[in-house]
Amino acid sequence: MGNKFIQLQDVKKEYQTGEVCIQALKDVTFTIDKGEICVILGASGAGKTTLLNLLGGMDVLSSGTIQLEEKLISTMSKKELTSYRRHDVGFVFQFYNLIPTLTARENVEIATQICRNPMNPDEALQLMGLGHRSNHFPAQLSGGEQQRVAIARALAKNPKLLLCDEPTGALDYTTGKAILKLLQDISRKQQMTVVIITHNQAIASMADRIVHIKSGSIAYCKKNPDALPVDKIEW
Amino acid sequence: MNQVTKKMLLRSIKYSISRYLAIFAIVALGVGFFSGLKISKKVMVDAADTYFKKQEMFDFLLISTTGFTPDESAELDGLPDIRWAEESISLDALGIINQKASPYIWLSLPEKINLPTATQGRLPQTEGECLVDDDFFSAEDIGKPLSVSSFNTQDVLSGFSQTDYTIVGIGNSPLYISGDRGSTALGNGILHGFVYILPKCFASPVFSGVYLRLKETDDLYSEAYEQRIEKQRDKIAEAARTLVLARYEATSHDTRKEDQPQVYLFTRKENIGYGRYENDTEIVAGIANVFPVFFFLVAILVCVTTMSRMVDEERTQMGVMQAMGYSTSSIAMKYVLYAGSAALLGWFFGFFGGIWLIPQIIWVAYGITYHFSELSYGVDWPLALLTLAISLLSSVGAAEYSCHHELQLPPARLLRPRVPQEGKRILPEKIKFIWKRLTFLQKVSVRNVARYKKRMFMMVLGISGCTALLVAGFGIRDAVVQLVDHQYDDVLKYDMEVGFNTPMDSNAAVKFMEKNGLEDEHCLFAYSGGVEIPLRKRSLSATVIAPATTEIKSFFHLHRGEEELTFPAKGEALINIKLSQKAGVGTGSFLVVENSKGTRVKLRVSGVFDNYVDHYLFVSPQTYLDSFGHAQIKTAYIHTEGTVTALMEYPKVSFVTVKADIRNRIENSMKSINAIVVLIVVCAAALAFIVLYNLTNINITERLREIATIKVLGFYAKEAASYVLRENILLTIIGAAVGLFLGKGLHALVVNMIVVDYMFFSTNITMWSFLLAAALTFVFTFVVNLVMLSKLDKIHMAESLKTVE
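Chains as they are written, first to last, in the working numbering: chain A, 1 to 235; chain B, 1001 to 1805.
If you're looking for bench data, these hints aren't it; they were derived computationally from the structure. Model, not experiment: these values are computed from the prediction.
Derived DSSO-like pairs: lysine-lysine, alpha-carbon spacing no greater than 27 Å straight-line:
#	chain 1	residue 1	chain 2	residue 2
1	B	Lys1006	A	Lys78
2	A	Lys71	A	Lys4
3	A	Lys4	A	Lys189
4	B	Lys1144	B	Lys1100
5	B	Lys1007	A	Lys79
6	A	Lys79	B	Lys1006
Simulated restraints on C-beta separations:
#	chain 1	residue 1	chain 2	residue 2	range
7	A	Asn200	B	Ile1431	50 to 56 Å
8	B	His1404	A	Pro229	44 to 50 Å
9	A	Pro229	B	Tyr1716	53 to 59 Å
10	A	Glu69	B	His1404	32 to 38 Å
11	B	Ile1733	A	Asn200	52 to 58 Å
12	A	Glu14	B	Ile1795	39 to 45 Å
13	B	Glu1282	A	Gly18	56 to 62 Å
14	B	His1404	A	Lys4	37 to 43 Å
Every residue gets a Cβ at the ideal spot worked out from N, C-alpha and C, and that includes glycine.
Model the full structure from these sequences, guided by the hints.
So this is what it looks like as structure tokens:
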């Protein structure tokens, strides 16, 4: 049993568009331990991304609490949330979201310039096996390479939490697997808490904790003591 | 800003350079036009200020009915606050050159005050030499003889100790910086220029007047100067009166010629050129307040639409920056600096370019009337600051406004694509009658116009602005052309005006007509003379014509629109429309008229006629006799194919004026207007181009996927292009229509501002001008569309469809 790292309690998220009220999440309660790889499963539109955004301080919940270690994320002001994202969180998106006018190194640098305990950008790229591509623009990189730059960008911040939204969604099977292996290695080596969203059930086997969301509610949340290395997973 | 974000900004400029330049260009245009026009007034005033100071323009002019003696002049010179006093003689007299006689004002060459300058040749140095007016003489006249005509009255002739002169130079005088020379009792009432001769060429024992110059100098047309004049005038007038009265008292009773002598004090305000110039600088300032405001408005709108588009494009990027923990202000900073730097550069080039170029254009435009010196440039720093502030505020404000809303949202919203607008049924759809008749693609275009309301509104605004400017510009040209045509074809119907040196009774008239092969119906005899119409601040020169018969229609067509006017009865006068407007006197009211001797009468206005140049009053000879005491027929208006020389050979003829000559002169002086019209057309084109190009650009980049999709569906290149450009055409039609209306209003506004005392500009715009304005607008749109065509062609289908949703 690890120590409680993230705690969600009765989290509810509603959207109001005109007269219609959409319940994106309701009664979400679970915890994630430090150093865990947590996979959040669910079909399209189930509410996974919403949940991730709340965890990362990218959105504000309607009711309930989210706590990271001692910090209460759910009541933070806009400025505090910005600070939180700056120092404590690293994001990896499905479509990479690199700045097209910056090189690979500069894309990492833009994140390291503002946090208090960053890695050296070149080192981060080296870690991702892209040291020789640091001067290339995203347009000159393949999908997998772009995603690796994005991960380097997130990691270089030395965050407490790494949030990944369908990180392999736009990649082929082999490249996708390579990315997932990277994430797993980082988590193990650096004791970093990694949350991965996916609709691919097979990936769940790599996780230490699996959370299944269905229509905005938690279907189940269980620990997986037999987490497999990514190499051993096929789909 | 850290290193990387700095790089981001610079590269963002590099990769969207046409967007950057759009902001730069519209700011430069607005600032340049505004600053250039605004500073033109200052530059014009400065030029005159320098000139008047250099030429020692007078501050006061004293005139007495008994003149001034040299001693009295010396006394005045010794007054405190007076730097100099200088006597001056002026005499209206007919002069003959090239066998043509014209009325001139002969002036004594001064040494201290109101110094003339020779622009060609030199100033006279001996008694037999003279300097003439470069507005009426050319360099070819140097060396020619000019004499005082023997047809002058004895009174006039006795004023000269010398009658024969050689022209040694042509030049200008600070007393006459405009083309007006004033009115006279001689000839047809209008002076044909000045002639400077040495003081000893005059035979008068006393001087006509004394000019005074104050010790202190102030800025031209300034409040300080007005106040100083107010303070001094009574003292000086008193001093002069005392001196003149003392002399009068000293003469014995029987040699006294008249009652108590009168002393009159004049300031610069009564000088025609001085007053007109002030007027004209005000006009320039007036235009500066009207036109450029429009440009600023457009500039702000362009900034807002451009930055909104940019923010829209970079939504996701902004979201990612927020995800990384960048603050709202640091993210907004990029857009603020993008727009702000473009505006700053635009301001710089616009301001310094504008204040250099536009005054030059204005000066050339006014150069026909005023050519007393070169322009000197100056920088108006308060104006610079004002325009800078407006430029920065609008660009930075636009940037802030564009990203403010987005950055307030939770960052997650930015990462999600923008919710596309719902399709809606639009108003034109409901009009089944029209809707049924449109093709499918036409319907799509109409829907699109409704879809992007803000952008389309802006396009209409830009296009209508362009059309309005063109209409106003061409309308001004129309007014000018109509002015000349109407005046010299419609109102003045005679060919020549003949002046006689003796009164022509009916016998003399018949003899004259016989000798020159003229029929009765070819000649209209009349009294013609110059009068002043006193206004609140100054007076207008007008010509009184008292024709011998009442049937004058074939010589002067006096009508107001369709309404023909009847000949005035006793005590009545017909006056021209401009005079009526300026004096605020309409049909039924009384007009105060003053002749050259200072006699004032009130005439009842019985009608107001259309007229475009100069001021005229038509009265019966009896009215004139009753009002001013004498009505000698010494003028005739004739229809003839003959030559001037033939007429001049008739001994009683003292001068002949050919209407065609005057028409040419006016047409030439109107050429300055053409320069201004060209300026307006160019700016209109620039405005249209920038707005259209920018907005179409935005339109295309926003709908890239849509356009790529239809290409995939199999639209040919032209069809894909018209898919977007059809909207441009539709909007150009709407914009041009709106612009035609706006243009009429703008034109009326401008005509109101371009007020010249003695010219009447009609607000009528010809059909051709409207058509031309609309046509040119379409040409501009066409050019933009052509450029856009190539851009549309280059859209890569596959690449565009790859972008993430």
